[in-house]
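There are 2 protein chains.
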Amino acid sequence: MTTKTAIAIHGGAGTILRSQMSEAKEAQYAGALKDALLVGDKILLDKGLAIDAVEAVVRQLEDTPLFNAGKGSVFTHEGRNEMDASIMEGKSLMAGAISGVYNVKNPITLARTVMENSEHVFLSGGGAVDFAKKMGIPLESDDYFFVQYRYDQLQKARENDVIILDHTSVKNADNKKFGTVGAVALDAYGNLAAATSTGGMTNKQHGRIGDSPIIGAGTYANNKTCAVSCTGHGEYFMRAVVAYDISCLIEYKGLTLKEACTFVVHKKLAEMGGEGGLIAVDPNGNIEMLFNTEGMYRAGKASDSELIIGIYK
Amino acid sequence: MTTKTAIAIHGGAGTILRSQMSEAKEAQYAGALKDALLVGDKILLDKGLAIDAVEAVVRQLEDTPLFNAGKGSVFTHEGRNEMDASIMEGKSLMAGAISGVYNVKNPITLARTVMENSEHVFLSGGGAVDFAKKMGIPLESDDYFFVQYRYDQLQKARENDVIILDHTSVKNADNKKFGTVGAVALDAYGNLAAATSTGGMTNKQHGRIGDSPIIGAGTYANNKTCAVSCTGHGEYFMRAVVAYDISCLIEYKGLTLKEACTFVVHKKLAEMGGEGGLIAVDPNGNIEMLFNTEGMYRAGKASDSELIIGIYK
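Protein chains in written order, with the working numbering: chain X, 62 to 374; chain Z, 62 to 374.
Everything labelled a hint here was simulated from the structure, so no lab data went into it. All values derive from a computational prediction rather than experimental measurement. Watch out, some of these pointers could steer you wrong.
Identical copies look the same in the list; a pair holds intra-copy or inter-copy alike.
Unchecked claim - Restricting the straight-line Cα-Cα distance to at most 25 angstroms, the calculated cross-link-like pairs of lysine-lysine (BS3-like) are:
1. 95 to 194
2. 329 to 86
3. 314 to 86
4. 217 to 319
5. 314 to 152
6. 195 to 217
7. 194 to 108
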């Protein structure tokens, strides 16, 4: 039995510049990341399962309006919140995913319920919401998801007819932020798990699906290799099948986690023009948190190491 | 410049037994497969592009009520036709996918339009249909998709509260057929392309997404390695990221196309309990058509070889 545990989380990547961030805001993000990470760390130190740790951490990030997931989800062009999420368990290779859901308080919990209580892997839209109701998953009214800041973003984006990838001001619309949250974990039994959740892009095309709910693209976990959660320009991450690519580079080519992540983020994706980053953990408790953007909200901690929190490069 | 070209197509896999098939029906399927294959073969021999060949072939299969895609799509529990499709080009690694669309005559053409005329890879539901309208993609009324045989299947499935994977009679509900169509091709310029289209499962959960529209799971193409289109129990194909796995086994582990396909279909998927099959072609024009079920509707032809049509093992 492994006794080392490890957990890493992200809150999105993009043009996150120190020059544009107040000290107060920086402290707010760092505090939210730390609080979420410690929820997962405690579960793991108490001999809980990796799948429970990643779900709990992502739920907490979904409940924080700071991040573009759950409560903090951005608005589509039609003024709706359409959320996507996925979760995967490395031991059984079981997975659950949902896309285009609305009024679901914690999309990651719905994804887990699809994994554990349906014969399907991936449910979308009204069908996914119907399943949530049938399973008694907590729903919230539109008011719960109404965050003034997000709504103002939509109005500005509509006026300028621009898609905003996260909470960037229109003035800085070329400053992209990819709003996603995610977690990866190794538990004391050697199990890996990964979870990803997103509120999508401001002013986006209704019905657009990114990489977050796609097993193999935004999320993947396999006890033999690694657990990965991505954040970035989803279209590139889907075309490059990023999360499973990391796993294949380890399994078939014998790369280390660090080598595999570095190759995919800094070479493959960079050459395609795919901006973003990822967090990953392997069966030895090694943690990687890489990105090819200006910054990525992130935190990581292994049972035998100090907590690391980062925002900028 | 390569001069060899190759194309392979499938019309679904499952419990397809000679004992349950009349000679007339067998001839009907074989004829439809041959006609579709020759449409693609002609494009390739005339120095057309692989992407044009796979789209044209899948369009023809979608227009044939025999197969569960396009016109022949099965009904969901709610009595709707919800169709999924995806397409990928091996040179650019560009891809397009749609899921849960209705009234779209040729879902594969909508997927290609998403690839070529949107900034997205994957659109679903009403958003995808709105995009089809905006782009002038031909729509058809519900009547067009109403095939009496499919509707009778739904009534029987509802009465028995069973999900039917394709056009199996309820008496033979354990005889599974996975209704999907797909094509892979190599053109004279060395380009690979793959396309997959499906009408889903009879009486399925509204909003269920299978592997067909998932880049990396049901469809993948890369000029360096292979083009793959899958058909089978989608949940397993998603968890195993089947199409991209074939590509990784070739690229990272040095397997041949035959070795990679055999390993994934007969070992990995078989051990998970994942029933189905796939068609694949590599840059040398090698064709593989493998399945771990009783049968798979299939046909293949390279420019330097005879046409092969198969239904049973």
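Hint check results:
{"no.": "1", "hint": "95 to 194", "result": "neither (32 angstroms within a copy, 47 angstroms between copies)"}
{"no.": "2", "hint": "329 to 86", "result": "neither (33 angstroms within a copy, 48 angstroms between copies)"}
{"no.": "3", "hint": "314 to 86", "result": "neither (42 angstroms within a copy, 47 angstroms between copies)"}
{"no.": "4", "hint": "217 to 319", "result": "neither (40 angstroms within a copy, 54 angstroms between copies)"}
{"no.": "5", "hint": "314 to 152", "result": "both (21 angstroms within a copy, 23 angstroms between copies)"}
{"no.": "6", "hint": "195 to 217", "result": "between (37 angstroms within a copy, 24 angstroms between copies)"}
{"no.": "7", "hint": "194 to 108", "result": "neither (32 angstroms within a copy, 53 angstroms between copies)"}
Hint check: violations occur at hints 1, 2, 3, 4, 7; the rest are consistent with the structure.
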